[in-house]
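Can you build the whole structure from these sequences, using the hints too?
First to last, the protein sequences are chains R and D. First residue of the first sequence? That's 1 in our numbering, and the numbers climb one at a time after it. First residue of the second sequence? That's 1001 in our numbering, and the numbers climb one at a time after it.
Any given hint might turn out to be false.
Partner residues aside, some chain D positions facing chain R, computed with beta carbon under 8 Å [what the hints assert, rightly or not]:
#, residue
1, Lys1109
2, Pro1130
3, Phe1133
4, Gly1134
5, Phe1141
6, Ser1144
7, Val1145
8, Gln1151
9, Ile1152
Simulated restraints, written as ranges between beta carbons of each label pair [stated by the list, open to error]:
#, chain 1, residue 1, chain 2, residue 2, range
10, R, Gly216, D, Lys1078, 26 to 34 Å
11, D, Pro1056, R, Asp465, 33 to 41 Å
12, R, Pro652, D, Val1015, 38 to 46 Å
13, R, Glu458, D, Ser1170, 21 to 29 Å
14, D, Glu1137, R, Tyr647, 48 to 56 Å
15, D, Lys1078, R, Gln218, 29 to 37 Å
16, D, Ser1170, R, Asn519, 22 to 30 Å
17, D, Gly1158, R, Leu655, 21 to 29 Å
18, R, Tyr477, D, Asp1014, 19 to 27 Å
I should point out that these hints are in silico values taken from the structure, not numbers from a laboratory. Note that beta-carbon positions come from the ideal geometry of N, C-alpha and C, so glycine has one too.
These are the residues of each chain, in order.
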Amino acid sequence: MSTREADLSPVIPIIQTNPLAWKMRQITSGFVPLNWKYGQNDKEELEYAEYNESEALCRALEHIRMVKEKGSVEERHLRTVEDIAWKSGLAPEDIDTLLDVVLSGPFAEAVKNRMLKCLIPATLIPESAVVRAFSRLCASNCSNNTKVLFCRWLIAMFDFIDGKEDMNSLYGFFFSFLQEETMSCYICNLLYLLTKRENVKPFRVRKLLELQSKVGMQPYLQALLSLYKSFCPNLITISLPPKRKFYFKTTDSIWQAAVYIVKERNHKSLLPSVKLTIGTAYSHPRKKKWNSGCIIPVPTSSHISKEEQDKEGGSSSLDVMLSGHKSFPLEQLHTFSQLLDNIQNIELPSQMCSVLKSAPLLHYLNCIQDETVWLRLYYWMSQELKEGCTWCKVSNYTSEEEFRKFLDIIISAQCFLQEGFPSSEAFLYKSLPLWDGVSCRAEYLQLLSWIPLGNFSEIKPLLCDSLTQLFFTSSIYHKCSVLYSLKQLLQNWLLWHAMEVSVKPTRSTSADTPMIALNSVSELISYVGWLSTIALRLESNSSFLLHFILDFFETVSDMYLNYNLPLVMMFPRGVFYPALLTSDTIALNHLCYIMYRYRVNLTAAKENELIRQERLKFNKTYQEFNEYVTALVDCLWTSTSFEKDHYLYIDPQILEKTKIREYKRSLNLINHPALLPYSIYFLLQGWPAEKELSLSSIQEHLEDLIISRQSSAIWILHRTSSTTVASTFDKCMSPCCMS
Amino acid sequence: MALLRPLDKLPTLDVATILLLGAEETPLEQLGTAIIKECEGTAKVQVHVASCLPLPTDRECFRPRIDLIVFVLSLHSKYSLRTVEASLPHVDARFFLGKVCFLVTGVRKEPNTSIHMDAVRKMATAYHSPLLFGDLEVECFRASVAQRLIQILQICAGHVPGLSALNLLSMMKPCLELTMQET
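Dropping the structure here:
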């Protein structure tokens, strides 16, 4: 770079710390007395000096415009212009004039370059001036160096140009300059800033790929290709290397200080807002830093609507004129009714990711037939997830907080659309082995519950292996969170299945039932049953964990009636027995409720054709249920669980060593550790006068009551103990053995 | 004796010992401190750090029984892989029944790995031991790795009733068919 600069103008040495820039800074900060150059040392004469200055500028520009060659007078004028430019910047008209002179004047190259270097705006650069200058550049015979310098100037001052529509319509002309070797990297930078979705055309892509085969994968080509790919992923099929932080040099050394000062100056004085009509988000200083991708912009329209065109009086984009209809400005789309009214006129924004935050646009996305729209969204999402993931990559621009918010947005979009995105599923599979189990846990596990319904044997090696390893080596809270997400996954699958079945016209369940759903759901349930059994062992039957497990199986128990899936699966023994022998009332209550729901479902399922046909397979389920109910009743009601051939049989000699007198009845309804508070409450309510409370007295009291009034005993039981436990008994006491 | 055996010493009551083995000392020591910080209050944990096996024989009698060996490798250093490979023959075969695990660091700085992930995976499969990923440089990730190692350690030291190290290993390995599992 520096040698190049030296070549350009041997007259004026260009150094990084430009003394003019330094002077500019000094003057704006107010340390140096103003206008010492003009020999005025008095601050009071400031206004006069300013007036003098602008006059001087006018005269200088006049002269430069008229003159044919450079002499000493011209040198003085040029220096005046330079000084004023660096001090306070040039007005838009002056820039226009100067550009004119530069690109069509008769001066030597060195002078022209000098003039280009001092083109620093005071506020804005008019677009018309740029367009005119560029057309002169194409037509006239400027040297290569001038052209390159002009491009560099454009890139440096890009943000100050007050409109980009015209420049965008010259896109093809800019593109043709790619051929020239010296200019190609700056042109790429310029195109990168200018490109909109409409500019991405197959022949341009082909041209870029040709160029790439000639010069290799240069970073500037890579940048432009990545941008094209993010707009139209279907046009570019080659795989691109992952995003880099910096593709182009940030700012040109020549104008670096000046740009900064002008920006600061403009920031202080309230500028009329530069209306960006390009559909890209305005939070992107793309030149400076790679987009901190987790910022999702507000959707903006890609075309100006007709009213705005008439207002501005600017030229409209060709497509809008040809199509003849006005597109609804997306910034105003807030409600569903607006969407319905304007559904013919909606154009999707250039930044596809902005639909994720807008509910009406998500609705719209659901209806359209175009697959490429989804491709764009998925491509952007997979890139962002890969880049922003805090545990897969060291990323300097996303913290855990930002990534968490980003995941939240994706999850709410999935929840809104009630379907999962394949890119988030792929991300889950890739990042799960590397996950530490703690970062962004709540949000990340919610991604788990949106895996689309598919063949479980395909999902298993990708998901279950890493999940299992993490599950067994992490804390109880992690285990509970995973179980909760798996429950939601099951619910989602069941809902999708139910929807599919209701959509299909035939109601016969024999041949049309999607077997995939059946198999996947049953495999998922056995997987979770296995996880739960071992988790209970690992956490020594913690009631907190048991709550989540029973929650899952509550969903399972009602599968047949609620979701119309011809499948009934029991929970494993490793879940039933710890829940039965627990000392937590709620767990026992929950267990009894689940048994009740199973009974209802199993009775109803006997009518089902499919189940009748597959009797052999479902026999096992009925047998398991019978076994559990028998164990339940033995334990809580008949107190026979310690007898021979029952599930809790222990050699009586060993039991005697425990020195518990009435061990036989120690687990029944009255004496069960989980139901102890209710027994005591029963005694206190029924016999408040008694001073000595003994649980065995309940039995006597009950017997008395049963002899006299059978029904009221049950009624008292109903009132004082847990209602579901009692109702289960009511129902279970009726013939419960089925086959 | 050159081999490190799992059962040749009596266990100390309520104490679990973990041995961290790796080429670089600083991350191991930081991990050790993190482990001790994480398990304050529960059973006592002793952390031993070594750079290679065999362990020096002069302090043999003072050393407690080792419950879990963790081999730490970095994806950016071939030397760490070679150190681990050189130490593996000094471990008795019975250790590999659930009392060994491999910890890989440096995954986050993916682009410039000198060891391919597949080589590490193959080694873990060959020795039939679980493979964990973690970053030991950032504190929060170090803390979560420490928590996971403590969970495994508790089981290997026999502090969880009804579950042994071999049991845990068989559950974590994906080769077992789920449908054949007794639930």
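**Report entry** Range hint compliance [Cβ, Glu458 (chain R) to Ser1170 (chain D), 21 to 29 Å]
**Finding:** holds (24 Å)
Report task. Would you check whether Ile1152 (chain D) satisfies its interface hint, that is, whether its CB is within less than 8 Å of any CB in chain R? Result -> holds (6 Å)
Query raised in the report: Falls inside 48 to 56 Å, the C-beta gap from Glu1137 (chain D) to Tyr647 (chain R)?
Result: Holds - the Cβ-Cβ distance for Glu1137 (chain D) and Tyr647 (chain R), about 53 Å, lies within 48 to 56 Å.
Requested in this report: Could you check the hint for me, namely that Tyr477 (chain R) and Asp1014 (chain D) are 19 to 27 Å apart, CB to CB?
Outcome: About 25 Å separates the Cβ atoms of Tyr477 (chain R) and Asp1014 (chain D), which means 19 to 27 Å holds.
Report task. Mind checking the hinted window 21 to 29 Å against the Cβ distance between Gly1158 (chain D) and Leu655 (chain R)? Result -> The hint (21 to 29 Å, Cβ to Cβ) holds, given that Gly1158 (chain D) and Leu655 (chain R) are roughly 28 Å apart.
Query raised in the report: Would the hint on Val1145 (chain D) stand, with a C-beta cut-off of 8 Å toward chain R?
Result: holds (7 Å)
**Report entry** chain R contact restraint for Phe1141 (chain D) - C-beta distance below 8 Å
**Finding:** The hint holds - Phe1141 (chain D) has a Cβ within 8 Å of chain R, the shortest such distance being about 5 Å.
Query raised in the report: Can the hint on Gln1151 (chain D) be confirmed by a CB-to-CB distance to chain R that is less than 8 Å?
Result: holds (5 Å)
Query raised in the report: Is the gap between the beta carbons of Ser1170 (chain D) and Asn519 (chain R) within 22 to 30 Å?
Result: Between Ser1170 (chain D) and Asn519 (chain R), where Cβ atoms are some 25 Å apart, the hint holds.
Query raised in the report: Should the hint that Ser1144 (chain D) touches chain R count as held when the rule is a Cβ pair under 8 Å?
Result: The hint holds - Ser1144 (chain D) has a Cβ within 8 Å of chain R, the shortest such distance being about 4 Å.
Query raised in the report: Do the Cβ positions of Gly216 (chain R) and Lys1078 (chain D) conform to the proposed distance bound of 26 to 34 Å?
Result: holds (30 Å)
**Report entry** Interface hint status, Gly1134 (chain D) versus chain R (Cβ within 8 Å)
**Finding:** holds (6 Å)
When each numbered hint is compared with the structure, no violation occurs for any of them.
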